[in-house]
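S.K.: Listed below, chain by chain, are the residues.
2 protein chains.
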Amino acid sequence: MPALQFSIQQVDSASAARAGTIVTDHGTIQTPIFMPVGTVGSVKAVTQQQLNADVKAQIILGNTYHLYLRPGIEILNKAGGLHQFMGWHKPILTDSGGYQVFSLGSQRKIKEEGVTFQSHIDGSRHLFTPENVMDIERNIGADIIMAFDECPPYPSEYQYAKNSMELTHRWLDRCIARLKETPDLYGYTQNLFPIVQGGTYKDLRTASAQYIADKNAAGNAIGGLSVGEPEAMMYDFTALCCEFLPVEKPRYLMGVGTPWNILESIALGVDMFDCVMPTRNGRNGMLFTSKGVINIKNKKWATDFSVIDDGFISNISNYYTKAYLRHLFAADEILALQIASLHNLSFYLWLVGEARNQILNGNFYAWKQEMVPILKQRL
Amino acid sequence: MPALQFSIQQVDSASAARAGTIVTDHGTIQTPIFMPVGTVGSVKAVTQQQLNADVKAQIILGNTYHLYLRPGIEILNKAGGLHQFMGWHKPILTDSGGYQVFSLGSQRKIKEEGVTFQSHIDGSRHLFTPENVMDIERNIGADIIMAFDECPPYPSEYQYAKNSMELTHRWLDRCIARLKETPDLYGYTQNLFPIVQGGTYKDLRTASAQYIADKNAAGNAIGGLSVGEPEAMMYDFTALCCEFLPVEKPRYLMGVGTPWNILESIALGVDMFDCVMPTRNGRNGMLFTSKGVINIKNKKWATDFSVIDDGFISNISNYYTKAYLRHLFAADEILALQIASLHNLSFYLWLVGEARNQILNGNFYAWKQEMVPILKQRL
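Residue numbers (the numbering used here), protein chains in the order written: chain F, 3 to 381; chain C, 3 to 381.
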């Protein structure tokens, strides 16, 4: 089947930002885009109806590691893939499980063949290889499937980062070979995105970006950043990767980040983002708003009857007050988690949509410069 | 201000069931009705938008005890009452806190003046009297406010039940006196409903129902049932109370119950119900459906890709599958609690709406006889 199509409507004159469109078999994505994380077949505390109508998500992310363990590939296959299983009929991207598996620390072992690991749920032993991860991702059935890579920690020694990068490259070739041998499932295309690694070494990142670019994939990802390195270093390496990744393919910066991280990275030429921050931090009472960051658990909001955020149009953010949301957190109500998650995700989707508008209007860079300090302030 | 108005559109020929309309300052309620419980200013795991659009709730209940402790009366008053605070602009009913306070067991002490109790949150000491509870309920600002009563446990000795009932009656008179001395708040009427008590003694229940009926309140409630007595006894005492409570006023059976309890009690002449079962049991994986009761955690649902319930029209129950919901419970996802709560509440609201249709169509009794065994079966 034809791979996904990417077209660029506008490139910013003052930065590398671009407004594009990705067409998949499950619909069109307007970039730059943020992808809510739907770990185990659910964007936490948000219904699929709300993802559509309130958050206005265009694509969501699923985690292969979690979905492989629960509900398991057999059930996902019987259901006709994750789209059918969860009732989400817009595009889905799956990670490869690599990041989660490496996060297991002592419970995993990396070899040339792949990674053996123990389930965080029941301690059972499993093996992920480039080949079986491609099979698993096909069975999950996402529109975009990520290559199986190793994500080295920060900081890593040069030799470790180099060996790891080379392993990631060999694994990529095995992923590509496996996908060539196996058909698309469920009547639509699973598109592979390879991942640039190379730690925080310029020569390695350059070599990796060139290696990945040569594969001529439908899109390309930058991995191994936002893992603890300073923010300025993350931007530098993002810029370096973007320099070598083809202009005419979508670029995905994995696991990033705060609202200001996203605007800065859009300026560097990134098109796609995912991050657990809006949901995870939201569940802890941290709200990202168009006016800055709020810790809604703070006593100061107890009698603030203004709405959560009036800086953009939202059924949720324009409806519930700060005082009410603070009360829900204080009373340990589930609705607190729901409203905070809905607000943060709606805000993230508004922000990338507004970035797109500003690119199309030719005003992106000035707007970004104005917004970043506002978004960063603590209210 | 004028009290709420109740009119009856149809009385069933084969039972005491009736289809009525309650008009309040926050809108109209069609009876028989089920009121979702919004304990501390939130129907657990359900947004106000979903309460309106998915559940189709017409009135919800708030708990005075919980709201008094958090967010507290000062904040509720500053917000302009609970409707404004939580963004729910349809009718609200508040209980008196009596039931919760008595449930505290050793942490409370009953005297003629009122009840002293310790907060379950921080152990702080408080006093509820008929007078201050009326003040608190006015400040919460519900359309229907319940009298402060004592709810004796089941079983209770005759003398305990009699003393308790007499105390409830004296407290009722103090509630009425207090309300006469104090104005309605926020520009709309707070309507008092007194509560029949008397344990499981026919002479006491009769005396209490007569005492309550004589107050000529806007509506009347039956308390102290569904507290552990056999189901047949609950129906007997409900029928007895309905015999003495005026036909031309709405009758509210507090804290009841299962879907079949509700249909049987509608047949006895009850108009209003509330219960935590659809939400609390839902959060534990128990689904009430038009075809019977489901424990969705059961392994048998793991590959059942049929929707939760196709027996009525619902965005939620007709959308998500049993296999998906079972997976969400297995993976401990918040969305499990949301979908189960939304389904159960939507089903309860559908059930009372359908009961109303059947009363209006003259077919209620036959329908009820057919439905009760279906609703009770374990699937």
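One thing to keep in mind: the hints can contain errors.
No distinction is drawn between identical chains; accordingly, a pair holds when it is met within one copy or between any pair of copies.
[To be verified] Computed list of lysine-lysine pairs in DSS-like fashion (alpha-carbon distance at most 27 Å, straight line):
id : residue 1 : residue 2
1  : K293      : K92
2  : K92       : K113
3  : K204      : K164
4  : K58       : K301
5  : K111      : K164
6  : K58       : K46
7  : K46       : K204
8  : K302      : K113
9  : K251      : K299
10 : K58       : K217
11 : K113      : K46
12 : K80       : K302
13 : K80       : K301
14 : K111      : K80
Bear in mind the hints are in silico, worked out from the structure with no lab data behind them.
S.K.: I'd like to know which numbered hints this structure contradicts. Please list them from smallest to largest.
M.R.: Hint check: 1, 2, 4, 7, 8, 9, 10, 11, 14 fail, others pass.
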